[in-house]
Every structure is written in C-alpha cells, then in structure tokens.
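Peer 1: Going down the list, the protein sequences come from chains A and B. Residue numbers for the first sequence follow the numbering used here, beginning at 81 and rising by one. Residue numbers for the second sequence follow the numbering used here, beginning at 81 and rising by one.
Everything labelled a hint here was simulated from the structure, so no lab data went into it. Careful, some of the hints might be misleading.
Since the list gives no way to pick one copy over another, a pair counts as held whenever it fits inside one copy or between any two copies.
Unchecked claim - Dumping the calculated DSS-like pairs for lysine-lysine here, alpha-carbon to alpha-carbon at most 27 Å:
(1) Lys257 to Lys111
(2) Lys337 to Lys450
(3) Lys299 to Lys214
(4) Lys82 to Lys448
(5) Lys302 to Lys212
(6) Lys172 to Lys148
(7) Lys446 to Lys302
(8) Lys258 to Lys183
(9) Lys148 to Lys425
(10) Lys212 to Lys148
(11) Lys446 to Lys212
(12) Lys448 to Lys111
(13) Lys446 to Lys425
Since we're looking at a predicted model, the values are computed, not measured.
2 protein chains.
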Amino acid sequence: MKDLCLIDNSAGLSDVPGFELAGVSCDVRNKGDDRLDLALIFSHSPCKAVGVFTLNKVKAAPVRLCEKYLRTGGEIKGIIANSGNANACTGKEGMENASAMAKETALACGVEQENILVCSTGRIGEQLPMDKIKAGILSAVQQKNSSDEQSLKAANAILTSDTYSKTVTVQVSCNGKKYTVAGMAKGAGMIEPNMATMLAFLATDLDVSTEILDKVLRKGIKGSFNAITIDGDMSTNDTVVLLANGDSGQLVEDDPKSELYQKFEAAVEMVCQSLAEKIVSDGEKITKVVELNVSGAASPADAEKVARAIGNSLLVKSSWYGEDPNWGRLAHAAGYAGADLIEEKLDISYNEIPALVGGMPRPEYKTKWKEIVRAKRFTISLNLNIGGDTFRLLATDLTEGYVNFNKSE
Amino acid sequence: MKDLCLIDNSAGLSDVPGFELAGVSCDVRNKGDDRLDLALIFSHSPCKAVGVFTLNKVKAAPVRLCEKYLRTGGEIKGIIANSGNANACTGKEGMENASAMAKETALACGVEQENILVCSTGRIGEQLPMDKIKAGILSAVQQKNSSDEQSLKAANAILTSDTYSKTVTVQVSCNGKKYTVAGMAKGAGMIEPNMATMLAFLATDLDVSTEILDKVLRKGIKGSFNAITIDGDMSTNDTVVLLANGDSGQLVEDDPKSELYQKFEAAVEMVCQSLAEKIVSDGEKITKVVELNVSGAASPADAEKVARAIGNSLLVKSSWYGEDPNWGRLAHAAGYAGADLIEEKLDISYNEIPALVGGMPRPEYKTKWKEIVRAKRFTISLNLNIGGDTFRLLATDLTEGYVNFNKSE
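Given only the sequences and the hints, what does the whole structure look like? Please build it.
Peer 2: Rendered as structure tokens:
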C-alpha cells in the first residue's frame, strides 16, 4: 500500500511519539551476569489497549493478570516484562508476584496498578526473584526515555533463546500528516499456532478505540503470528499487546472504508508480518525457512490442516534440514492431515517446478528440486484441486542443533 | 490370564500349524546386495481374514488392493510383502504392479489372484522393479516351508529401518487342547496413531468367523498399535492382517462370554501388545521409551489428546533425550492439548514420585526425578482430577540421531 513506509530493524517503539522505554539487567536467571532481562514500556498519555493471549489452558500468572486488567477496559500506561522466568505453574505466590510487578512499576511511575500490564517469559515452575525484580523496576523507571538506545535495550531485555532483537516501524502518511505504528517481539522456540512463547508489543500514536484496536489486531495476527511454526509447541505465556496513546491527536474513525482506517489496518498487518518473519527466521538452531502455500482446498480449515501437518512433520522437517526434496513425505503428511484430499488430484511443486502432478511424480525435474532446497528459503506449493481455499504457513526445518539445544534447560 | 503362554522373540508364524513361510532377497532397492526384502506367508487351508489399514488419504496401491480383496469376503491363502519400496504415489502403474504381485504369487501357488494379499513398505513415489519382484516371488514359493528359519527370514524381509525382527507367539490352552496365535511386525519410523508405517501379520490355527476376527483385531490394536508414537507421522502403507486357517479344527463360537472366545481375544491382544512394544523400543535412533499414563480426564478422547500432545511435543521429547525432568514442558503440552484441564488440579509424577501436585511444583523431589529419567524406560503419570477416563501411550524421545538419520533417504 502506498503511503506506508516500512523501516526494518528500526529501534522500534522509540519511533512512536509519547513512548518511553528502558531495558535493564536485574539477574532474573540468578547467574550473576549483566544480561538485560527487564523491559519497561511507558506512555505519559493513557493508552487504549488490547491483547491477544495464549490458548494454552496452563496460563502463566502475568497472562491472567493482563486479561483481568484489560477486561475492565481501563486505560493502560505501561508494560513491565521480564525474561528468564515465565512465572507459570507458580500458583498463588506467582499471581501475587505478577501483581507486585504491576504495583511496584505503578508506584514508581505515579500511576495506578491496573494501568500496568505484566509479561514474563522463560523457565516454567519457578518463583520470580522478587527482590531483584523490584530493584530492576526502580532502575528501569529511572532510566526510561524516548531514545533509540533504551528502545533497543528494551527489545533485547525480552529475549530468551533468540539470537537477535526484533523491531520494526511503519510510517503512515495520510492527508499530509504522518503517524507511526511500531513493534518489538521475541520468539525462538515453542512457536506454533496461536503465538506460542512469543511476546510482541505494538504501539501507535493514533487515537483508536478499543473496538477498532481489537478488530485490527486480530486481523493482523491471523496471517502472521498465527501462521508460523517452528516446533509445533504452544507456550503458557504468549502475548501480543497493541497500545494506542493518541498523541498525534488524530482519531481513527469507525469506518473500515476510510483511508486512515485502512492504512492503520495495513500498517498493523505489516508490523505483525515483519515481526513474525523475524521470529521464524530466528527459530532455534534452524537452517531453513520454508513457505508453504496450500491452495485448492475444500475449506480454509482444510488448507490450514494440510499446511500444519506438513510444517510440523518431523520427517518432512528433517528432510528439509538434509536438503532432500522428499516430496513423498509431503504427500504422506498431506494425506494424514484430516482434510479432504484426492491423491489423483494432488499437485506439489518446489518454487515453480512440479514434483507431483495429478498424484504422479515428475522425476525429470529432480535436479531442479535439489537445487531449490539447497537455498536458505524456498517455497513449496500444494494444490489440492478440490476447492478454492488457501493457507500460507512459514515453517522451519528440524535440526540436530535444535534437539541438542533443547535436551536440557 | 492363565492358560496363555507368551513366547517372546519366537520364530513367529511357523509356530502356527498349517502356515508356510519364506523370506528371500530380490534387490528391490537396486543396491546389488543380498538383503532379504520379500516375504511370503502361505496357508494350505483357506483362511478367514481381516485387515486394518492406514487412515492416510494417500494410500499405497497394495493397501487399496487388500481392501478390495477383503471387501469381497473371499478366503485368503497368503500374503506377499516387500520392503524397500512402498508402491505409493505410483498411479495406475502402481495398481497394476500390486495386482501383478498377487497374480504371480497365486499362479506359482496354484490359487486364485484374489486369495493373495499384497503389502509394501519403503520409499514413496517409485515404481517397483517388477522383474526382480517376479523372480523373487518364484524363489519364495519354491522355498516356503514351516521351518523357524524361513519364518525368521520372512520377519526379516519386511524390515526397513528396524534394527531387529519382531516376532511373538502366544500358546492358548483350553479344555486340554492347545492353540496358537502368533505374529510378526515391522515398524521403526513414522509410527503414530493408526499404525503408521507398520506392517503386522497375525495368524491362528483356530477356526474363527470374519465377524469375530474383526471385533477381536480392532480391540487388540486399540491399546497397542494405536497407542504408540515415535515421530507423530502416519504412513501411506500401514496394515495389520489377522488370518485364521482353522487347522486345529476348533471353532471359536460367537459368544464373548465363552472361555475360548475370551482366551482368543486375550491372546490377540497379547500378540499386538508385544509387537507394539517391540516397535516402539526399536524406534529410529531412540534412547528412551516413556510410558505416559493419563488419568482423571473428562472423556477418553481428552485423556488421549493430553497423552498425544505430550508424546509428540518436540520440546518434551528433546528433554527426555537430555534426561532432564522438565515437568514444565509436560504441563505446557497438556495445556495446549485441547482437553478440559484445570491447572490447579493437575498432578504429575515420574514413576511414583510427585513433580506437580494440584498445579504446584514439588521441587523437594528433584533429585529423585533426575534419577528416574536416567533409566531407559520410565513412567510419567498425569492425573487431571476432573473425570474418570484414562489413556496409556508409549512414546519415545527425539534424538539428534533421528534427525540425522532422516535428513535424507
């Protein structure tokens, strides 16, 4: 869309007027190092805010707290987020600790406890080191400012097994004025449907109602955070929050046909898409990103089932790692996906090169498939030739490095 | 059950009166070696026969052929089975080749084509080398006999990435007489719900109607072949066949309360269970077998969902490989299984040692958990404490060796 300018690997939220950030080290992991592990996002103006959270029935304490604060519809002034400890499976004490994080941040910022959202990511089943966290909160509140430096520190402080920070900014031009949508995210492992073990924080200076924010965010995550898979696991802590502080003084009216509404919607989608791509590309020890395009399905759900069955098949993922164009494994995974499928109608191709046409192999192109799967990123298309529905999934390979990395924590 | 005697690692089908076997080499893989790759099972008396097949919508040609021959309800005299090539995604030529395998075997044995079942396992998408297969069939028919040697050769000829052959015999005593149920199987990779990439052939000398055979086999596979997982993949070729040649002259009457019916049913379950255990223990490059017992679920389906979510989670399987008692990953996988689950009610234990009670960790037992997960086989129990339903799943770890082994074919 014209008038939208994507600034990749920007400093992220510091690009949004009215937001202050901080990233500090408070040794959540008890390792005695100075790794950044506590991030603060703060807006002087109160924000309209919406969130989308994990569907896991084992929900971390901070997720429950955020859902509660957002349900009451109060305005949000900030987010405090730590890495290194998920505060999940921590019972009553965990809930008290999550509340205490909000309370300490609110006190130090001079706002109400319910104005502060709380996020955690890291190991499950251990209580937070609250003395360290509290000291970190005071330090973060003191250091917060609108510099790119602190914004990048914040983006780094939420990382776990990620190898780089993930930030992006989209500048929106409309009627001669400029507005901003920016975001930061963390991902790395446990990335599957419904945003597993990922945190993403988006912010804008537009003035947007909670209703519109909700619609726009849900649309934004659909083809991005909800259409990537690394290992098929879904975490207890997934959170995407979108804040709108209205500092630009420009209201987004509730008219999906208006220019500004459409540009805002497109900007949020671009931010989500860019962050999702960064997450999947930084999957734990991966060597390949594969774009799976399923078409010709009898329903959208069928298209998604086929894409996820392939994207999560250990045999398929292992063959990608081995640069083996093993289309037989693609066909067998499609076959057990539970979708309507007729073998004699199935087409499979690597990039544009056919591997299977009408259920029959085209071995004459074998040399070309082999060349394609040697690339770091390639596309596999499956046409079921039954209906008109499609799904696009970004998936990764499975490597010996992943197993080794995850064999202990 | 008393009067049932399990002979583990027997020669298998040669223990059943009236059956002849052969295992020969015909170089299906075109490698010029003398690996056994074609098995023949033959009964001089016509058999009642039933089969259970893959639910994959991409079905190999021999699976379609078996379904057709069994649907007509004709009696079966034998099975011809090759490894090294799955004859899947091979179109019209593949169907003709499967028919030709039945026809050649039937001709050489002097029976009808529809009396011979056909099975294949191995690589997908390549046509069978029919000249070699035909030569192999003639050789197998010549060599077939009731010796343990040929029975073990047959059990070896169906293997792919298995590291050992899988055979078992159960002797049934009833009213002073003895009957036999025996079986052979192959497994190794792609083992998940509904018997993925596995073949199992069971036989008995009892005289059993097709209706009873069907009931008994379906019951037998439920807690065995359908309750194991290695990599979560389901193949195009899964087949379990049960043959009854009636050579003992003893009819199993259609009375589920009769002694012989119950003993036969139990014997089939024992054979299935023993073969399933062998399959999971010989999973590709595994180092651990973990028995998952889920209880207290709101429904049998919920119990199964939780067990499978855990047994197929890459993070869980990697931690088993690393001998890390990471109960947090068990809880998170249970949480996304899609089953009714209340975190505050969840109990998890390693063998009998609690890890989580009522959703709260019991770190005082950490040393004991660590000891337990160092064993080659251990049990993890999850009690959801919601309802009364249970599911037991045998699962394996995920190793760097698995990924390396499957990165190319």
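Peer 1: Each of the hints needs a verdict: does it hold here or not?
Peer 2: Comparing the hints with the structure gives:
1. Lys257 to Lys111: neither (48 Å within a copy, 70 Å between copies)
2. Lys337 to Lys450: For lysine 337 and lysine 450, the Cα distance exceeds 27 Å both inside one copy (46 Å) and across copies (60 Å).
3. Lys299 to Lys214: For lysine 299 and lysine 214, the Cα distance exceeds 27 Å both inside one copy (36 Å) and across copies (59 Å).
4. Lys82 to Lys448: neither (36 Å within a copy, 62 Å between copies)
5. Lys302 to Lys212: For lysine 302 and lysine 212, neither the intra-copy (37 Å) nor the inter-copy (52 Å) Cα distance is at most 27 Å.
6. Lys172 to Lys148: So lysine 172 and lysine 148 pass the 27 Å test inside one copy only (15 Å; across, 60 Å).
7. Lys446 to Lys302: neither (35 Å within a copy, 40 Å between copies)
8. Lys258 to Lys183: neither (35 Å within a copy, 76 Å between copies)
9. Lys148 to Lys425: Intra 49 Å, inter 21 Å, cutoff 27 Å: inter-copy only.
10. Lys212 to Lys148: So lysine 212 and lysine 148 pass the 27 Å test inside one copy only (25 Å; across, 69 Å).
11. Lys446 to Lys212: between (58 Å within a copy, 25 Å between copies)
12. Lys448 to Lys111: This pair counts as between: shortest inter-copy Cα distance 25 Å, intra-copy 49 Å.
13. Lys446 to Lys425: Cα proximity of lysine 446 and lysine 425: one copy only (20 Å, versus 54 Å across).
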